[in-house]
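**Student:** Going line by line, the protein sequences match chains W and H.
The opening position of the first sequence corresponds to residue 1 in my numbering, with each subsequent residue numbered one higher.
The opening position of the second sequence corresponds to residue 1 in my numbering, with each subsequent residue numbered one higher.
Hints may be right or wrong, so weigh each one.
Said to hold, decoys possible - Just so you have them, the derived chain H footprint on chain W, three or more residues with Cβ under 8 Å:
(1) 29-43
(2) 51-62
(3) 260-271
(4) 283-289
(5) 313-319
(6) 324-333
Unchecked claim - Ranges of calculated distance between the beta carbons of each label pair, as one might list FRET restraints:
(7) W:E236 with H:G7: 51 to 61 Å
(8) W:R228 with H:E80: 41 to 51 Å
(9) H:N77 with W:P21: 31 to 41 Å
FYI, nobody ran anything at the bench for these hints, they're computed from the structure.
In this text, a Cβ means the ideal position worked out from N, Cα and C, and glycines have one as well.
Below, each chain spelled out in residue letters.
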Amino acid sequence: MTDDHNIFVTEEIVEGADDGPLADATVAVKDNISTEGVRTTCGSAMLDDYVPPYDATVVESLKAAGATIVGKANMDEFGMGSTTETSAFGPVENPAAPGRVPGGSSGGSAAAVAAGEADLALGSDTGGSVRNPAAFCGVVGIKPTYGLVSRYGLVAYANSLEQIGPLGPTVEATAELLDVISGPDDRDATSREEGADTDYASAADGDVAGTTIGVPTELVEGADAGVRERFEETLEDLRDGGAIVEEVSLPSVEHAVEAYYVIAMSEASSNLARFDGVRYGNSGGFEGNWNEAFSDSREAFGEEVKRRILLGTYALSAGYHDKYYKQAQDARAWVKQDFDEAFESVDVLASPTMPTPPFEQGESLEDPLQMYLADANTVPVNLADLPAISVPAGETDAGPVGVQFVGPAFGEEAIIRVGSAVEN
Amino acid sequence: MSETSPGPEEVRHVADLARVGLDDEEVERFTDQFADILGYFETLEEVPEVEREADLANVMRADEVRESLSQDEALSNAPETEDGYFKGPNVS
Numbered sequence: 001m002t003d004d005h006n007i008f009v010t011e012e013i014v015e016g017a018d019d020g021p022l023a024d025a026t027v028a029v030k031d032n033i034s035t036e037g038v039r040t041t042c043g044s045a046m047l048d049d050y051v052p053p054y055d056a057t058v059v060e061s062l063k064a065a066g067a068t069i070v071g072k073a074n075m076d077e078f079g080m081g082s083t084t085e086t087s088a089f090g091p092v093e094n095p096a097a098p099g100r101v102p103g104g105s106s107g108g109s110a111a112a113v114a115a116g117e118a119d120l121a122l123g124s125d126t127g128g129s130v131r132n133p134a135a136f137c138g139v140v141g142i143k144p145t146y147g148l149v150s151r152y153g154l155v156a157y158a159n160s161l162e163q164i165g166p167l168g169p170t171v172e173a174t175a176e177l178l179d180v181i182s183g184p185d186d187r188d189a190t191s192r193e194e195g196a197d198t199d200y201a202s203a204a205d206g207d208v209a210g211t212t213i214g215v216p217t218e219l220v221e222g223a224d225a226g227v228r229e230r231f232e233e234t235l236e237d238l239r240d241g242g243a244i245v246e247e248v249s250l251p252s253v254e255h256a257v258e259a260y261y262v263i264a265m266s267e268a269s270s271n272l273a274r275f276d277g278v279r280y281g282n283s284g285g286f287e288g289n290w291n292e293a294f295s296d297s298r299e300a301f302g303e304e305v306k307r308r309i310l311l312g313t314y315a316l317s318a319g320y321h322d323k324y325y326k327q328a329q330d331a332r333a334w335v336k337q338d339f340d341e342a343f344e345s346v347d348v349l350a351s352p353t354m355p356t357p358p359f360e361q362g363e364s365l366e367d368p369l370q371m372y373l374a375d376a377n378t379v380p381v382n383l384a385d386l387p388a389i390s391v392p393a394g395e396t397d398a399g400p401v402g403v404q405f406v407g408p409a410f411g412e413e414a415i416i417r418v419g420s421a422v423e424n
Numbered sequence: 001m002s003e004t005s006p007g008p009e010e011v012r013h014v015a016d017l018a019r020v021g022l023d024d025e026e027v028e029r030f031t032d033q034f035a036d037i038l039g040y041f042e043t044l045e046e047v048p049e050v051e052r053e054a055d056l057a058n059v060m061r062a063d064e065v066r067e068s069l070s071q072d073e074a075l076s077n078a079p080e081t082e083d084g085y086f087k088g089p090n091v092s
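With these hints in hand, go ahead and build the complete structure from the sequences.
**Tutor:** Structure below.
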C-alpha cells in the first residue's frame, strides 16, 4: 500500500472564489460528483476517461463559498460496497486503523479528512456510504434529509435513497459544509425549500439538557462487545449533560437490509442502463449488433456492480416483481411509520453507526451477503428519508467506533446539537 | 437458500436481459451467491401489509428554451462521433 493510502483517484487543484465561508478550506470531492473539466470515474473502469462538461450543483456551491477542491476521492465502484475495495483504482487504506478498510463507499472522502489530506470532504450516502466510513475512520459524517441537498450532477445509483453529505473533523466544521451545500435547486425536482438559508453550524452548541434520546434495542443487540461499550459510555456522557435516555422498539428494522438491497439494486439496474459505450464510457466497439456491443461495453463493470444490476433486473422481471420489489416497498413504508411513531416520544434516536469495528482488508469480499448485513444500522435511515450523523466515540483495539444519531425529517439541528455534545 | 433461485441458464438469461457480458466463472459464482442472497430477500414475506400514505406532489416547470450544453460539449465523451452525431453499432 502506498504512503498516501490511495485516497484520490485524481489529484487536481480547483480554486474557488476569493472569499466566502470556506475561503480557507480544502475539500475532497467523491468521484461520483461531477466536476467540470476534471475526470469523474465513479471508481469504475467504465468511466476511466470520462470528463464531465458541467459541475454538480454542490460543486458550484463549494466554488462560490471559496473552497479549494484538492482532488476526486476514491470510492467503491458506483457507490456499491461498504469497504472501498470494489474500486477499479484499488482499495483505500484506513489512516486511523492500519491494515483495515476505511469503510465505504465514500472511503476516500473519510480517509482524506482522517489523514489531513483535506480539511473537509463530500461523500454520498445511499445506504450508509457517508456514515460508515466516517465511523471507521474516526471522523464526522452527515446524511441529510432526502431533498435537503441537490443531487444534480451526482451520478445516480439509487435515486430514491441517496443524498450527498459532508464529512469533517468536527461536528461544527461538518455542519458548516452542510450549510454551504444545502438548499433548493430547480435542476433537482426532489430538492426542498427547507434547505434554504440554514445555520446548522450554530446548532453545534453541545446543549443536550432536556433532550430525549431513544435507543432502538434492535440496533444495539447485534453489535460487538467493544462497540457496545463505547456506545454505552457515550450515552452515559449524554445523561451527565442532562439528556434523558430511554429504550424504544423499531420492529420493522429487522427487515430493512433486505428491503434496502431489493430497492437499491432495482434502481441500479435501471440507472446503470445509461452506460452503453456510445455517449460516454467504455466502448463495446462497432462490430456486431447493438445488443452485443452493449454487452461487450458493460464487461467493464466490476463484479459487485454486475451482481447488483443482475439481481435488480431479476427482482423487477415478470413474475418476481410482486415477490421482491412490491414487498420491499411495503417494508419501506413500515420502516417510515416506525420512525414516525418513535419521534412522537423522543427527539433523536441513537445507535452504534456500525455494529463492528473496521473490517480487515479482504475480509468481506468473498461473501457479498455478509457485507450487506453489516449495513443493518445505516440503511433504515435511507429507507425513511431521514437525517443522521455519525460522530466518533472512541476506539476499540481494531479501530474507531462511531455513534449514530437519527432525527425527524429536516431535524438536522437536533442531531448536530446532540452530536456536538459527544465531542465535548 | 431460495427454493426458486435461478440456475446457471437463468443467470445467463438475466445477464442477457441486462446486457451485461459474463464469463463462465462469473456465471458459476453468481449462481451460488444468488441462491444465498435471494433466500435472504424472501424474508420480506414476513412484512405485514402497510397502508402507504404517499404525501408527494409533482414538481413541474414551464417548458421554455434555456441554456444547455453545446453539441461539442455533449459529444465530448463519446468514443466515436460522425458529422456531429453519436456513432453507435447497428441496431438490428
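**Student:** Against each hint, give a clear statement of whether it holds in the structure.
**Tutor:** We went through each hint and held it up to the structure:
1. Under the rule that three or more residues need a Cβ within less than 8 Å of chain H, the assignment of the stretch 29-43 of chain W is violated, with 0 such residues.
2. Coverage of a stretch by a chain is defined here by at least three residues with a beta carbon nearer than 8 Å to that chain's beta carbons; for the stretch 51-62 of chain W and chain H the count is 3, and the condition holds.
3. With 3 residues having a Cβ less than 8 Å from any Cβ of chain H, the stretch 260-271 of chain W passes the three-residue criterion, so the hint holds.
4. Counting residues of the stretch 283-289 of chain W whose beta carbon lies closer than 8 Å to any beta carbon of chain H gives 7, which reaches the threshold of three, so the coverage claim holds.
5. Here the stretch 313-319 of chain W counts 4 residues with a CB under 8 Å from a CB of chain H, which clears the bar of 3, and the coverage holds.
6. Coverage of the stretch 324-333 of chain W by chain H holds in this model, with 7 residues showing a Cβ closer than 8 Å to a Cβ of that chain against a need of three.
7. Judged by the Cβ atoms, the range 51 to 61 Å given for E236 of chain W and G7 of chain H holds: they are separated by roughly 53 Å.
8. Take R228 of chain W and E80 of chain H: their Cβ atoms lie about 57 Å apart, and the range 41 to 51 Å is violated.
9. Take N77 of chain H and P21 of chain W: their Cβ atoms lie about 33 Å apart, and the range 31 to 41 Å holds.
Violated hints, listed in ascending order, are 1 and 8; each of the other numbered hints is respected by the structure.
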